[in-house]
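There are 2 protein chains.
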Amino acid sequence: METAGMTEINEYLESLGTKAQEAKSGLQRLTTEEKNKALAASAEALVKATDRLLAANDKDYQNAQKDGMAQGLLDRLKLTPQRIEAMAEGLRQIADLPDPVGELMEAFDRPNGLHIEKVRVPMGVIGIICEARPNVTVDAFGLGFKTGNAVILKGGTAAFYSNKAITEVIREALAVQRIDENAFQLIENNDRAVTTAFMRLKSHVDLLIPRGGAGLIRSVVENSTIPVIETGTGNCHIFVDETADFDKAIPIIVNAKTQRIGVCNACESLLIHEKIADSFLPLLGEALFAKQVEIRGDETVLKKIPGALPAAEEDYGREYLDLIVSAKTVSSLEEAITHINRYNTGHSDAILTEDKKRAEKFLQEVDAACVYVNASTRFTDGFEFGFGAEIGISTQKLHARGPMGLKELTSYKYQITGNGQVRP
Amino acid sequence: METAGMTEINEYLESLGTKAQEAKSGLQRLTTEEKNKALAASAEALVKATDRLLAANDKDYQNAQKDGMAQGLLDRLKLTPQRIEAMAEGLRQIADLPDPVGELMEAFDRPNGLHIEKVRVPMGVIGIICEARPNVTVDAFGLGFKTGNAVILKGGTAAFYSNKAITEVIREALAVQRIDENAFQLIENNDRAVTTAFMRLKSHVDLLIPRGGAGLIRSVVENSTIPVIETGTGNCHIFVDETADFDKAIPIIVNAKTQRIGVCNACESLLIHEKIADSFLPLLGEALFAKQVEIRGDETVLKKIPGALPAAEEDYGREYLDLIVSAKTVSSLEEAITHINRYNTGHSDAILTEDKKRAEKFLQEVDAACVYVNASTRFTDGFEFGFGAEIGISTQKLHARGPMGLKELTSYKYQITGNGQVRP
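Chains as they are written, first to last, in this note's numbering: chain W, 1 to 424; chain P, 1 to 424.
Wrong hints could be hidden among the right ones.
In silico BS3-like links for lysine-lysine, alpha-carbon gap of 30 Å or less [unchecked claim]:
| no. | chain 1 | residue 1 | chain 2 | residue 2 |
| --- | --- | --- | --- | --- |
| 1 | P | Lys407 | P | Lys275 |
| 2 | W | Lys407 | P | Lys356 |
| 3 | W | Lys248 | P | Lys118 |
| 4 | P | Lys407 | W | Lys202 |
DEER-style ranges, computed between Cβ atoms [to be verified]:
| no. | chain 1 | residue 1 | chain 2 | residue 2 | range |
| --- | --- | --- | --- | --- | --- |
| 5 | P | Asp109 | W | Asp247 | 16 to 24 Å |
| 6 | W | Pro424 | P | Asp58 | 29 to 37 Å |
| 7 | P | Glu22 | W | Ser279 | 52 to 60 Å |
Derived by calculation from the structure, the hints in this document are not laboratory data.
We treat Cβ as the ideally placed atom computed from N, Cα and C, and that holds for glycine.
Extracted from the complex, chain W is given alone in its bound form (with noise of 0.2 Å):
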């Protein structure tokens, strides 16, 4: 498989695109009733099949310790019958969950007599590609389904056995139900430029989605010719106004910053109003500190926080997804707004303040998918925001912005009705 040429690459590519092709009607087709059974039945045959996939998984789980994968990373890929249950549990969770297709959104006449109706459609096919943690293959299977789009899924290399076993279960589920098991296709080759050529399946790939990491998602950006939704990179910033309630601002930073490191939405870069730089600064050193969080501040952080790093430029603008956190001074809201504009990437920034003049200019003017007033970054996520799933965090403008449920895995279409009408 490694040697593959790019035809072969190409051909195999186009057969699967041709195959979730022809699924597509089909799932357009079912009731929202076969979906959630068909759901409920992957489920059950993961959990049964267990022992099947915690061996696959084995195979993967050493070659990885043979190939030095870190410790976190390792942690990501094993499945346990816990997690297996749990990936079960999260098909059985978006079974309960309403299907938006089908929705009438808007229904109007013309004056001509037309009658206009915009109803919501599937996609169509979705490609995936993600790294190496097999709970988000069977997530994409399931927010993909339940939506009635087909799935192409490019999994990450070191999970390639745990990726091709769950994929069995499901399609042996899905054709006892007597579904195309074409709904959900794993990519088999695992040639470096397979990658790259799913980016451009443009006649066969409605949407394309990254899920994973910055260098990924930068990869997909750059070669992709399907439309993507980019997701996940997250400079989260929160701004301590000279209004601010010290009671409140010290928990929403510890929260924001230390209550998951790894994550888009945690807190890298602290602005605080220079008014109360004397106060505040040494409270939050003293938080951040009991916390093991290292502080890279600018002069006056220095001053007032004894034991913070000098900040360099750089470290404004970086996701550290760790221990750390960058901290400025500014002279000014509009100093604030003007340098996370700058720094930030349209994920999730916060203002701590009491005064409501001033959070509802920061709420304006700063562009992000979601800005705070008075709570932590944290907060922007799909469940949080009561979607009751997530596929990623939007950091783009165009079609969806901030936490993805199902309905932004949907299009829509218009459908007219006449009775003759030409255009004079």
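Given the coordinates of chain W, work out where chain P should sit on it, guided by the hints.
Only chain P this time, still in chain W's reference frame:
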């Protein structure tokens, strides 16, 4: 300018991008009234500048004539006092439309007390690449400005002097209104490499819209790293079902094929149920030949319409934009749907039938932005849909599908207000 190196080109584009970014927040803060006033002032300024615009346009026109530009394109390039008045009227009409920016799309409270509002906001900076039609330049400004976006335009080189004059007049009018004139910028470097470099100005541009022919659109999709809305290619079908009412069918087909031939919603391909081949095809041939339409048909069509030419396989995939149509007989509704889903461009397809169930099946299963029953495909148009304006017809499924009005040039943001909430 023609010999500028890539570094110089990129620096130039980045300087435009930075200025657009700087104009952005001012634009977002403008009230609807301020925007409408500036649109009216720009309209007036264009009319007042008629002589100046005609002189600039004459320079382009003479160059284009020397370069042997085809008559149809020369006609599109040409400005007249009437056309300048029409461009100004376009701006006044945009001023009259409701402003989508600031709309509260949703508001909800979470059990933890967070209040979440989903608010419609401008995209930010929109890039538009168009061919040599000066009216599109004015349109791009008007639609972008009304929705609070900064616009950077790359116009066709053949319209360079016209675009430069139009841009100057509009920028002067904005300056008089004390609005940042960088709300509207023209790329004044005509080096061929500029267009491709512009498509990669992702750090400064939020959305890229190509307005032009299939070649331009393909190039943008192939090269852009900025999210794109693909518009305008239309291989539109009409399927004449066995139950069609011929008295409706003939006028609809003649209208869809001949009312205007160079547009994306014109009909390019006919499918005829074989059960009505004997009765319908002779009528069809007569009606289309009366309008000088060349028919390229399959064997049955050739038998029933003397004078038709044989169709090759590739005819079914062609957007002729000419007085030519392909015609094919099919043995069932299913065959028609499969054929359409294989060859269409996701634009507009119609069924002519008196059977409600068959109409419903067609509406559901044909994968296109606009699906019609008993009406001409020529109605796929922002004005015909009642949107009051049109940026283009989207043939992709991400973000917008079919006719795009002002709303489709906006995004949204979540504004979340709390009282110290942290994530447990």
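Do the hints match the structure? See the list:
1. P:Lys407 / P:Lys275: At roughly 45 Å apart (the allowed maximum being 30 Å), Lys275 (chain P) and Lys407 (chain P) break the hint.
2. W:Lys407 / P:Lys356: holds (29 Å)
3. W:Lys248 / P:Lys118: holds (24 Å)
4. P:Lys407 / W:Lys202: holds (26 Å)
5. P:Asp109 / W:Asp247: 16 to 24 Å: holds (23 Å)
6. W:Pro424 / P:Asp58: 29 to 37 Å: For Asp58 (chain P) against Pro424 (chain W), whose Cβ atoms are near 34 Å apart, the range 29 to 37 Å holds.
7. P:Glu22 / W:Ser279: 52 to 60 Å: The hint (52 to 60 Å, Cβ to Cβ) is violated, given that Glu22 (chain P) and Ser279 (chain W) are roughly 34 Å apart.
When the structure is compared with the earlier hints, violations turn up for hints 1 and 7 and for no others.
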